[in-house]
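Chains as they are written, first to last, in our numbering: chain A, 724 to 1415; chain B, 181 to 501; chain C, 37 to 298.
Derived by calculation from the structure, the hints in this document are not laboratory data. Certain hints may be false.
Derived pair list, reagent style DSS-like, types lysine-lysine, alpha-carbon separation capped at 25 Å [what the hints assert, rightly or not]:
no.	chain 1	residue 1	chain 2	residue 2
1	C	Lys294	B	Lys442
2	A	Lys1167	A	Lys1152
3	C	Lys57	A	Lys1148
4	B	Lys470	C	Lys286
Restraint ranges, calculated between C-beta atoms of paired labels, are given here [said to hold, decoys possible]:
no.	chain 1	residue 1	chain 2	residue 2	range
5	B	Gly411	C	Asp184	42 to 48 Å
6	C	Thr239	A	Ser1004	42 to 48 Å
7	B	Pro472	C	Glu128	57 to 63 Å
A short, non-exhaustive set of chain C residues, derived as facing chain A with CB atoms under 10 Å [said to hold, decoys possible]:
no.	residue
8	Asp48
9	Ser71
10	Tyr223
11	Ile226
Just so you know, even glycine gets a beta-carbon here, dropped at the ideal spot from N, CA and C.
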Amino acid sequence: MDFALIPPAHSTFLFIPAFIFYTLLPVAGITFFIYQIVMRLKPMVLAQPDKPVSEILKESPARLMQVLKIWLLQVRQPRYMLAGVIHILLFFGFLILAVRSTELMFVGIKADFSFPFMDGTFGAVYSVIRSYAATWVLVVALMAMYRRLVTKPARYAVPAKYGKPHTAEAVFVLGMICTLVLMESLFEGSLVAAQNQQGMQAHTLAPLTLAWFFELILSSASQSTLQFLHSAAYFLHDVTFFTFLCFLPLGKHFHVVTSLFNVFLMRVRRGNIKPVRYGVSNDQLDNLESFGVKNLEDFTWRHILHFYSCVDCGRCSDNCPANAVGRPLSPRFISIKGRQLVFGRHPFFGPSKVEKAPLIGTTYEEDEIWSCTTCGACEQECPVGIEYIDKIVDLRRGMVDEGMVPQSLQKPLSAIEKRGNPWGKMEKKRGEWIKQLDSEVSVKLLEGGDTTDVLFFVDSITSFDDRMQSIGCATATLLHRAGVDFGILGKGEKDSGHEVRRFGEEMLFQSLREHNTEMIQESGATRIVTADPHTLNALKNDYEDLPPVEHISQFLAKQVRKGLLHFKPSVNGDKVYTYHDPCYLGRHNGVYDDPREVLDAIPGMRRVDMKRCKDRSFCCGGGGLMLFYEPEEEQRMGVLRVKMAEEAGANVIVTACPFCLVNMEDAIKVAGLEGKMEAIDLSELVVAHLAD
Amino acid sequence: MAQIFAYITHKGGAVDDTAAELAAAAQKIDAAAQVTAIVVGAGADLDAACQGAAKLFAQVWKFDNAALAYPNGEVVRKLLSQVVPAGSILLVPHDTFGMDMAPGLSIKLDAAYAADVVAIESLSGTELKVVRQEFAGMAHTHIAVDIAKGAVLTLRPGSFQPEKGAELAGTVSDKSGDAGDLGTKRRYLETVEAEMGDVDITKADVLVSVGRGIEDQDNIGVAEELAEAMGAVVSCSRPIVDAKWLEKSRQVGTSGKTVKPKVYLAMGISGSFQHLGGIKGSPFIVAVNKNPKAPIFQVADIGIVENILEFMPALTEKISG
Amino acid sequence: MEILVCVKRVPDTAENEIAIKSDGTDIQRDDLVYSVNEWDNYAVEEAIQIRDKVGGSVTVVTVGDSEAEEVLRRQMAMGADNGILLADDAFEGSDGRGIAAILKAVVAKGKYDLVLTGAQADDGAAQVGGMLAAMLDWPYASLVNKIDTGDKSLKIGREIEGGNQEMNEIDLPCVLSIQTGINEPRYVGIRGIRKVASIEIPTYAAADLGVAADAVGPAAARVKRVDYFTPEMGAGAEILEGSMEEKIDKLIELLKAKGGLK
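Using the sequences and the hints, build the whole thing.
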């Protein structure tokens, strides 16, 4: 084979054949890369178990689907349009160019190397595509650099308390990417220019690609210039390629390697909480020395993988309501601080520093961990499938085990333990709200061992809070009007424990679950209905062996579809309604459309959606024990939410959760929007519009 | 009949308001009693205090000793156990000093002890029947005190109405020489004054005072708006300070400030005696509470059964016009 | 430092209205739940913090029946090293002096440097700590809201009127009664209690303590509760009736008359 220019494999440098270098470099680079990976795997091996591999593999179909959608098709990226498109172009450019770069690596050893499948049409087509890929990668990498250096989107900023900005790392990596595509194109462009000068048969460069531009510029360059550029381009490409490879495991660009695995391993179920320790059954929990995460080693291996996979894109924190109101929590830094700690404890060289230093008070702060409402916005947004709720709950379990619980939460917790509700109200008063019902609405009070077909699980706030009892009444009225035979447990019901579990008091939760499960089973119910999404989520995702559970909005939507609900026209024709998605109905249980369908069935009702709705809904401030917690914050989540409703042009916020209603009604007062804005529960609204 | 003594607290030469209350309580035990006041301290202030006590009591025993310059519970207990005759009845105000000193004294004197007495019912033989409260004022109890070997009673400040009779001209006897060794194993060092906040609630004529009924920190603003509309100052009860919703300097009560306003609006305050102990000068008290059984309604002039979170904004609006 | 903390099991009355039985012998207890007296909880937390700082042990003690063991376990779950239950039929009906006499016997059985109690209890008279100290001839301070440990003495702060703090130096051994707010008591969950569920808690009766049966119980009590009663209303406030609007109008009128509004 003739070469228009001396190929790298045939060249010499200081009388030493270059192929020796081009052989040693990949060997050294790949060896070091593997060493890095092994060292990064070490903390994962030392970590706690996660879901057993056998179970993970059983869920393969769902997991592969997530890989296809979230990893390969990058469906979460365009939620931030510009950054998303840039990333998609980089990602696909990267996939395409990986083959070419690998091929180039071998060209340094054997000058005429090419993959066998690159002969023929496929090779020709690939060649065109990868030339354009290299070109668009340069364009988007420069755009990304411009964003990092000039536009500086707020979500990339690093508040002083979390350390220095990460701009330098990002720009350095973008610089390497630019170098790679430029050198690869220069390598090719210089060769084609030489071939054309020598009248050799040159392959046609795709127009307007980088290589095409280089060929154009170099068409009249001297042979020696071309030779120099050709060799230098190859050298730089090769060196940059392995620098890039070995740089990946050092920081946020490790996601290039880990994201595929991370997405495969992400949660396939929503709304649930990980067990205290995988492999330890509930009745063995008492034997555990320690609960939850107290030290770094208490995280599971998958949590460590999360730390490695964080891209530092800031989308989680940008959507985090706690972060938005100035609470001391930014989910992004849960990952980044975790990563820094893992890297510091397990350096590439030298022994690991395994020290039992508690995480709380060093890496994380108490208030930071209590600030989370478990709304799930961060997990919904993360493009690589990092999870936070389980980590937060595990850290809280550790704090509860150490007795580090804020005074404001101790009272409701102990009241739930003693009386089954966070206010410490008497058990016998739990069913008293039904006295407010119209006499025609009959509710069976299942306190004397009676049974029922449908059980209305009311839960604490709807049972005891003066205002929220009206949701209970509305729900009971709707069930009655639908001709459902239903009852409530009354004093036999205890708090579902939804927040008890999420606040880390697992054993209290389990005792509540045991009690309620027994009571529900004794009631003989074949279906459970609730008006509280937290209850729905608890019974559906935290409890086991229960009859099917549905939220009243789901029940109503079915009635609407069957044509069984008849409405009179909107009683407030001039009002504009907006539906606020409760986190535990929407994000955690996927119920977005049912409540909207019910609202839209009311004739003449004007409804708008807020900018942040459905799976991007903004938490009202949190339910259950979060009502008792006194966070440091600049403003209330509810106030921000009410303002969003105002922006959307609405003056009635419809919710489908008692906690949302509490927070919205409070927020309307705090925001000074009384008289201009109101909040109402879906069940109340429907009752008000029932045709006689 | 047992001899009755009253322990007088005083400050800056003036006897405390409780001195007259002790005198009134002593009359309830035995209307004919010649009550002896015990006044301890050092220097000129002590003499002035003894003169004040002599206007209320037939006899005044003065104990002047450098060790009594700051009369902490330990040293006073040691003194009283030396000088109070066996079988006597001793009355002490139930304040932070009385709580510190009196229980141990009853042991030293081998006398019965009844704390925080709010009323004295009757004396028959050696059985003195008094009234106490339990569960933060939610339950009242009759207590039978066997005074055969004497008794120490601490009396809740503000519970006994001083008699509006003529001033007495009691005799002051200097008993300092009766005191023995007053060395104790507890030594007073200093008093750390509570930090003065941005406002002085003790100087306000009208107070809008909030308690647990405010429910949430964010609702403090509702009270502030009302206070602004009325030209009043916001104060509060202890739970509000414990929750750090208002600064300590705003707290009314025995562990907070003593206030003497003309008008006191108790908003969502149940009315523990510790809180009421901080209100002096019999102001016009308006209590708003959603619980009709709240003890505050016992002491208020005007009671309104409403949720303060609805009532206060409505009142503010009406006042502001 | 060897620390003994005296605790008491009391009805949890925070959210519950206390009702009196019709015969006045007691309050209605059927629907009550019990917990450790709030002040005692602060005392135990303080003891644990002192122990963690200077070493030693914390023992919690209570006078009561077998149900009182529950509060001992809770305090042990917090971190107290030992528990002692003092139970004897002879103890029932003791007044404050009787309880102090029982506790004195326990203190004599051990080698304690410091005894802590809560400053008061919802159903008590804030008396036992001071009485116990007097019986032991140890110095005493009440309403303690700050403790700095020293070698042979402690520097303590007492909460006094006006929110001021009276600082004292007190020699060891001594008795202190602890005011709320001195610390932030740690949380005790179900798991913590289960962990200490199997620890043996010694129970002492009058004979074990060498307490003469006639020194305690109702016979020795010089202060006895005769009954519970509801005081006559009447002297209370004039309750304004009517709609919110009417109440406000009436109130404004009254406030103007009393100088509350200009």
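Going through the hints against the structure:
{"no.": "1", "hint": "Lys294(C) - Lys442(B)", "result": "holds (8 Å)"}
{"no.": "2", "hint": "Lys1167(A) - Lys1152(A)", "result": "holds (15 Å)"}
{"no.": "3", "hint": "Lys57(C) - Lys1148(A)", "result": "holds (20 Å)"}
{"no.": "4", "hint": "Lys470(B) - Lys286(C)", "result": "holds (18 Å)"}
{"no.": "5", "hint": "Gly411(B) - Asp184(C): 42 to 48 Å", "result": "holds (44 Å)"}
{"no.": "6", "hint": "Thr239(C) - Ser1004(A): 42 to 48 Å", "result": "violated (35 Å)"}
{"no.": "7", "hint": "Pro472(B) - Glu128(C): 57 to 63 Å", "result": "violated (36 Å)"}
{"no.": "8", "hint": "Asp48", "result": "holds (7 Å)"}
{"no.": "9", "hint": "Ser71", "result": "holds (7 Å)"}
{"no.": "10", "hint": "Tyr223", "result": "holds (3 Å)"}
{"no.": "11", "hint": "Ile226", "result": "holds (4 Å)"}
When held up to the earlier numbered hints, the structure conflicts with 6, 7 and fits the remainder.
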